[in-house]
Every structure is written in structure tokens, then in C-alpha cells.
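Going letter by letter, the sequence shown gives residues -34 to -1, 1 to 226 in mature numbering (1 follows the signal peptide of the UniProt record, and there is no 0).
No wet-lab data here; the hints were simulated from the structure. Incorrect hints may appear among the rest.
Only pairs whose alpha carbons sit at most 30 Å apart, straight line, appear in this in silico DSS-like list of lysine-lysine [what the hints assert, rightly or not]:
#  : residue 1 : residue 2
1  : Lys111    : Lys199
2  : Lys84     : Lys71
3  : Lys199    : Lys86
4  : Lys165    : Lys177
5  : Lys20     : Lys111
6  : Lys165    : Lys191
7  : Lys20     : Lys152
8  : Lys152    : Lys121
9  : Lys111    : Lys191
10 : Lys111    : Lys209
11 : Lys177    : Lys126
12 : Lys191    : Lys30
13 : Lys30     : Lys195
14 : Lys199    : Lys220
15 : Lys111    : Lys84
16 : Lys41     : Lys165
17 : Lys113    : Lys20
18 : Lys41     : Lys71
19 : Lys71     : Lys191
Beta-carbon label-pair distances, calculated as ranges [stated by the list, open to error]:
#  : residue 1 : residue 2 : range
20 : Pro208    : Asn163    : 34 to 42 Å
21 : Thr2      : Glu28     : 37 to 45 Å
22 : Asp37     : Leu83     : 34 to 42 Å
In this text, a Cβ means the ideal position worked out from N, Cα and C, and glycines have one as well.
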Amino acid sequence: MRKRNFTTTSVYVVLLLLISGLVLSCSGSKPSQASTPTDGTAVIQQMYDRWQNKWYPNFAFEQKAIFYKDDAITKEEVWQEIYSQPGNLHIRFNGFESGNGVIFKADSVYNFQGNQLKAKQHTIHPLVLLSFDVYFYTPATTIAKLKELNFDLSKITEAKWQGRDAYVIGTTNPNDSTTSQFWVDKERLYVVRVLTNNKGVARDVEINNYKEMENYWVATEILFKTDGKLTLKEEYYNISFPKSVDMSIYNPEKFATARW
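My request is simple: use the sequences and hints to build the entire structure.
The following block contains the structure:
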């Protein structure tokens, strides 16, 4: 008799919990949000947690590169680009036959002209790091690279960016346009702006016009400004997310024959 009462009571409790959960769901209640980050390292952790195994590992596209000087267009080119995680980016300037382009690989950049390697130097590409690699490297690796790029991750504030809430990491003053900093969409946790200052030269990069494609968020326009003046606009099109990539295209020794 006691056993029957215990079972009945247990079933009643379970049903009550299920009904309560259903009521909460139907009333529009949302799951609790992540705690408000107190520094840049916490933002990087949130970006990683949100998009780990969900961001696109390969990304191919063409772009119109429009160059400006004193607010006037000076030239236009078409570039071909492909990215593979982590840290691999191959860019061809004006088609494969030009023999001109760059490869970013393992924190180095290789510059080619006429299919000949002209220069190599250590470079951490901040846009590649914050737009793509942040979702594939461990947060500790990303944080170390950001510190090497002189972002002060201890400083954080919030601001509006194109009508949306954003975290600002690297400064406590969102009106500061000279300190190295990056802005992250607060809800979607992707980067929308990167400012760097190298020896007094302030560069401001806007990552704009995000669109949802194949369930991925993709920026389709990037604006580059130097000391407040627009110098380059990139417009992306023919966008795809290859399932697999021949990684030899990131081998500098195979630059001349690389195709995708």
C-alpha cells in the first residue's frame, strides 16, 4: 500500500514539473543569458562557446576591391579569396593569371608578384583572428594573439553600433578612435569593428552588412579607414562554404599553381 502511494506521488510531482515547464515555454520565457563579461577575455570565451563547431571552417568568395584617396575612387580590382581554419587565407589580386597575391599562414604573410615570392614577415592578421579563428582556436590561444597585437583586454565598455548593442574591448571610452580595440555584437557575438594603432597611424575597419547564408552569419562589406579617411571598400559575392579544401593551396611553394 505504501509503495502504491509513493509511486502515485512521484508521478504527480513529475507531471507538475512538466506542466510548469510547458507553461513557462508557452509564456515566452527565455533561457538564462550568459553573465555580463567584465573584460575582453570573457567576451572571447563567450564567442567561442557560442559558435564552436557552428562557424564555417572554409569560406570562399570573390570581392570587388574599391580604392579611395581623398574621398575619390582611384582604382577597382576583383580579388579571389579562400579561408580555411585556423589561420589560413589565400588572396589573388585580379585573377589567378596575374601571379599577384598573398598567403597568410601560421602567423606569417607571404607576398607574391608575378608568381615570385617577394617578401615574408611575421604577421597576425587581426581581422582573420577575430572574424574566423576565434571560433576554432582555444580561447587561451586567441587571447595570447590579441595581447601580442596590443589589445588591452582588461578594458571593456558597451556602445551602440549601427543600431545594435556591442561590447567594446580595448578601451573604456567608445568615442576613442585612436586606441586599439575591437567591437563585438552583443547578441550574435561576431566582430563588427576593429581599430588598430601602429606607430601613431590609426586604422579603423568596419565589418558590415552581415547576412545569414546557409545558417551562417557572413559579413558582405568591409570598410578600411586610415586616420578617419576611407581608403578601401571590399564587397563580397559568389560566396560559398566548401566542405573540403586542398590545403596545398596555402603552401607558399605552390602559389603559382594553386586554384580553387
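These are the hints, each one checked on the structure:
1. In summary, the hint linking Lys111 to Lys199 is supported, as the alpha carbons are separated by about 26 Å, within the 30 Å threshold.
2. As the CA atoms of Lys84 and Lys71 are separated by approximately 16 Å, the hinted pair is consistent with the 30 Å bound.
3. Among the hinted pairs, Lys199 with Lys86 is consistent with the structure: their alpha-carbon atoms are about 25 Å apart, no more than 30 Å.
4. Of the supplied pair hints, the one linking Lys165 and Lys177 is violated, its CA atoms being roughly 35 Å apart against a limit of 30 Å.
5. For the hint pairing Lys20 with Lys111, the CA-to-CA distance comes to about 22 Å; that is within 30 Å, so the pair holds.
6. For the hint linking Lys165 to Lys191, the alpha-carbon distance of about 16 Å falls within 30 Å, and the restraint holds.
7. Taken as a hint, the Lys20 and Lys152 pair is honoured in the structure, with Cα atoms around 18 Å apart against an allowance of 30 Å.
8. For the proposed pair Lys152 and Lys121, the alpha carbon gap of about 16 Å is at most 30 Å, so the pair holds.
9. With a CA separation close to 23 Å, the supplied pair Lys111 and Lys191 stays within the 30 Å bound.
10. Under the criterion of a C-alpha separation no larger than 30 Å, the hint pairing Lys111 with Lys209 is consistent with the structure, at around 27 Å.
11. About 19 Å separates the Cα atoms of Lys177 and Lys126, which keeps this hinted pair within 30 Å; it holds.
12. Between Lys191 and Lys30 the CA atoms are separated by roughly 17 Å; this keeps the pair inside 30 Å, and the hint holds.
13. Note on Lys30 and Lys195: the hinted pairing holds, with a Cα-Cα distance of about 19 Å set against a maximum of 30 Å.
14. About 29 Å separates the Cα atoms of Lys199 and Lys220, which keeps this hinted pair within 30 Å; it holds.
15. Taking the CA atoms of Lys111 and Lys84, the gap is about 26 Å. The hint holds against a cut of 30 Å.
16. Note on Lys41 and Lys165: the hinted pairing holds, with a Cα-Cα distance of about 27 Å set against a maximum of 30 Å.
17. Restraint check for Lys113 and Lys20: satisfied, since their Cα atoms lie roughly 25 Å apart, inside the 30 Å limit.
18. As the CA atoms of Lys41 and Lys71 are separated by approximately 28 Å, the hinted pair is consistent with the 30 Å bound.
19. Note on Lys71 and Lys191: the hinted pairing holds, with a Cα-Cα distance of about 25 Å set against a maximum of 30 Å.
20. For Pro208 paired with Asn163, a C-beta distance near 35 Å keeps the hint of 34 to 42 Å intact.
21. At about 39 Å, the CB distance of Thr2 to Glu28 agrees with the hint of 37 to 45 Å.
22. Range check, Asp37 to Leu83: about 35 Å between beta-carbon atoms, so the 34 to 42 Å window is met.
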